[in-house]
Amino acid sequence: MRILVATLRKLARRPASYVSLGLVAALLGLVFVSIIITARLSTDPTSALTTRAIVSFPNAWTNILQLILGVASFLALAYAGAVAGSEWSWGTLKSAIARGESRGGYQAATLFGVAVAVVIGLLVLYLAGIALSVVGSVVLGQPLDAVGDPDGIAAVPEALARAIVALTLYVSFGYAVATVARSQIAGIAVAIVVYFVEGIARFFLSDLLQWSPFAAAEALVSGGGSVSIGNGPGSVTLQRLDDPLALVVSLAWIAIGVAVAVAFTERAEIGG
Amino acid sequence: MDVTTARGVALATQGLAKRYGSRVALDGLDLRVPEGVVYGFLGPNGAGKTTTMRILTGLVRPDAGHVEVLGRPFGRGDRRRLFEVGALIESPAFYPFLSGRENLRALAATGARVPVARIDELLELVNLRDRAGDRVSGYSLGMKQRLGIAAALLSDPRLLLLDEPANGLDPAGIVGMRETLRRLADMGKTVFVSSHILSEVQQLVDVVGIIARGRLVREGRVEELLREAGSVRVRVAADEVARAIEALWPVAGGAAAAAAGATAPVSAEDGPEPGWIAVRVDPARGAEVNRALAAAGVYASRLETGTTLEGLFLELTGSHPDVAAVGGSGSGSAAAGGPPAPPPATGWRS
Numbered sequence: 020m021r022i023l024v025a026t027l028r029k030l031a032r033r034p035a036s037y038v039s040l041g042l043v044a045a046l047l048g049l050v051f052v053s054i055i056i057t058a059r060l061s062t063d064p065t066s067a068l069t070t071r072a073i074v075s076f077p078n079a080w081t082n083i084l085q086l087i088l089g090v091a092s093f094l095a096l097a098y099a100g101a102v103a104g105s106e107w108s109w110g111t112l113k114s115a116i117a118r119g120e121s122r123g124g125y126q127a128a129t130l131f132g133v134a135v136a137v138v139i140g141l142l143v144l145y146l147a148g149i150a151l152s153v154v155g156s157v158v159l160g161q162p163l164d165a166v167g168d169p170d171g172i173a174a175v176p177e178a179l180a181r182a183i184v185a186l187t188l189y190v191s192f193g194y195a196v197a198t199v200a201r202s203q204i205a206g207i208a209v210a211i212v213v214y215f216v217e218g219i220a221r222f223f224l225s226d227l228l229q230w231s232p233f234a235a236a237e238a239l240v241s242g243g244g245s246v247s248i249g250n251g252p253g254s255v256t257l258q259r260l261d262d263p264l265a266l267v268v269s270l271a272w273i274a275i276g277v278a279v280a281v282a283f284t285e286r287a288e289i290g291g
Numbered sequence: 012m013d014v015t016t017a018r019g020v021a022l023a024t025q026g027l028a029k030r031y032g033s034r035v036a037l038d039g040l041d042l043r044v045p046e047g048v049v050y051g052f053l054g055p056n057g058a059g060k061t062t063t064m065r066i067l068t069g070l071v072r073p074d075a076g077h078v079e080v081l082g083r084p085f086g087r088g089d090r091r092r093l094f095e096v097g098a099l100i101e102s103p104a105f106y107p108f109l110s111g112r113e114n115l116r117a118l119a120a121t122g123a124r125v126p127v128a129r130i131d132e133l134l135e136l137v138n139l140r141d142r143a144g145d146r147v148s149g150y151s152l153g154m155k156q157r158l159g160i161a162a163a164l165l166s167d168p169r170l171l172l173l174d175e176p177a178n179g180l181d182p183a184g185i186v187g188m189r190e191t192l193r194r195l196a197d198m199g200k201t202v203f204v205s206s207h208i209l210s211e212v213q214q215l216v217d218v219v220g221i222i223a224r225g226r227l228v229r230e231g232r233v234e235e236l237l238r239e240a241g242s243v244r245v246r247v248a249a250d251e252v253a254r255a256i257e258a259l260w261p262v263a264g265g266a267a268a269a270a271a272g273a274t275a276p277v278s279a280e281d282g283p284e285p286g287w288i289a290v291r292v293d294p295a296r297g298a299e300v301n302r303a304l305a306a307a308g309v310y311a312s313r314l315e316t317g318t319t320l321e322g323l324f325l326e327l328t329g330s331h332p333d334v335a336a337v338g339g340s341g342s343g344s345a346a347a348g349g350p351p352a353p354p355p356a357t358g359w360r361s
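Residue numbers (my numbering), protein chains in the order written: chain A, 20 to 291; chain B, 12 to 361.
If we strip away everything but chain B, and leave its shape as in the complex, we get:
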């Protein structure tokens, strides 16, 4: 899908490559971020997200490839292009002995000029006005994160790059951040955000780019990607998850998938609500899934069709659920003549 249809491109990379010694961080990354959208940049740990962010902000130079920022090439010597870019990369960086307000003032002395009144506006926006005079060393992680978002917005940027902005935020903070970012996108600004909280990303972003091993594996509008990669989700009692997975394994063609080395088609989800199982089959086969469960004496308390960004992410990045002990050990491959070894319940490795 052409995600840039009918819009300009705020950010684009072509063949972006970067190595750190023998380790390949980026291996020909091609991104196209349309203007005025919230773009979710997803990938497992070590996929190259932060390296990309560093290149986009001029902190690190790519070994090869091209970058375009706000419609013009961005390379060495184009630092002034960043006057229109706001960034929060990795953890927020502040002088611990200065207050929140003083930190913003110190940062405002660099890069694009910032009106003094802007600092108080932003402190208000991120709900830090009451603590603006306190030293940052006394701030919680969430407060530092909010101050980091305020710092990224200092010069009223057209393009905002945020690396894990929800880190450390409480639920109210996450909702506030989501509303702020959506409002910015509605104003025509482009928000490029990486996050590991996929449920959060799914609610926030318009377009998603998923990378693995330094390459883009899928890019497109979230709803379209999810429609293309449907699945059935069922919720059973937590102590019946292993039995349910075993019952659903043949329905989802688990043996064939295991033989082909594909991602396990049935897996327990690692979410806040226990008992959810994702079955990667056509959403139209929901009744069949329910019947298989009932035949095994397991009854679903809920059944949903479609897929989640999490399921899509796991499938595309080749991340595998960790091998935890749920009804036995095994990696999901069916041993000849024996029952399928069900995949696990919690935790991820990448």
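So here's chain A without its partners, still in its complex pose:
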């Protein structure tokens, strides 16, 4: 508990925390602007309606989370990698261990602290996203009567819980990779490469890679089911895990990430 609190205190003072949050907020703002512009300029009524629906209530209550995860998952991965890698690069992990702290306990508590910080960021962004949706609805002339729709609001806790599990998976993965790499830069680089390689490889190995960490997280947030990309003979169908399998696989990947970080640190020879 002491390490968890200390980790949260450290992260609250870490410039990267605010840079990451600001970056996601800026990207989210750009997404909203592009949605509003697309909806206003679209000449196809069906397309305009679909676009407007993204920021219109009651769907906006849950759509916001998907928009946030679209941009935040990647940064959560890099942020966790940066935190884990810096513990090695700066020698602060070495100092904690030399004070008699448990290696595994320190890593698990720090990883948990990063996950909590990321979830706090998610909640802040969610509130900002709701505010942006209200603004978007007003700009697009959508009625705001449905803001208080009970079904829309009732769906929020489950959607938030799914988003939290998904983000924790990204955190756990980034943290584990940077721990094995023992370096901030190497950890972030490897995590990012894996993220993109997996994303591209899913077009070719969809059946197999639906079990991969990022695909499982995506399936968890979107509710599962296959998705088609493109039209006609060139279209690709991406397989996605259904509920509750997506949740089980996501939790398993989180556990694997934590286990890798802990086991690697337990066995590591720690030098300068």
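Be aware that a few hints might be false.
Said to hold, decoys possible - Ranges between beta-carbon positions, derived for each pair:
no. : chain 1 : residue 1 : chain 2 : residue 2 : range
1   : B       : R140      : A       : G41       : 33 to 41 Å
2   : B       : S148      : A       : V24       : 18 to 26 Å
3   : B       : E132      : A       : W109      : 22 to 30 Å
4   : A       : G89       : B       : E132      : 47 to 55 Å
Simulated from the structure, these hints should not be mistaken for laboratory data.
Small disclaimer: the values here were computed from a predicted structure and weren't measured.
All C-beta atoms, glycine included, are put in the ideal place defined by N, C-alpha and C.
Use these hints to put chain B onto chain A, whose structure you have.
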């Protein structure tokens, strides 16, 4: 000499061995550090000092051997023993975006519990109270080092392990550190300190352990070791050092030493004051040394008998003064029929 006489043992290693691939870092290291002393742990670069420190703090596991910390075996699973140990290993490690105080608070969340008031006490002790709220990224090397010493003292340890604690400290900081460490030893705590500043070590430590190539080559009380390994030191004008070494070479049996492959018995010292030459002969032969100099037309401005820790260190570790150009080239071995090639003035290699 039994350095543990009349005292308990704070730290002991037996047959400690560690390899990194094909490189042997420690090769059966045996140490005995008595309680309540300042112990100087000396050795050339790569001798295994930092590896030893890492093993003693559980960062690295030895391939073989035993470690005892504060009277009990220390191995895998004994991490709580470190609650009574404070350590500063290699360079001080901090979060650059946190202040000095916040860093100590973050560190205090690990290991043994630390009263909150202790942090300010330590900041005061290392003279960082005024800058405690500033980010560590803006600290000088000396300030980081002082913060590192404060971090090592966080849990009021019985045993303190300090790797090069004087690094980056200014003269006032060094004096302050020396007084603090002496005070801790007077309070019954054990201070285990490695350093390259041998003059500093000589003033600070009670007992010294010198290692070379991963093995202990000498351990004992400083004054006794120095008495055993006496020498004569003379100071001449800086531009006469080479001539003086040449004149003193036969007095110290330089040719024989060179033939035997021993450490050069006459060498210029690498200290802040130029012109000092160490002659490794019985301190009782001071007058003879002075006479040899005078016969060569070189006059000593000072003459001291005894030895320094530096001289002892060079002799025991087999470190050789670098071959610099002082009155010609050569490694100190006398060529048949020619004058002895004097050893050099500055710089060390190990």
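Report task. Please write out, lowest number first, the hints stated earlier that are contradicted by the structure. Result -> none
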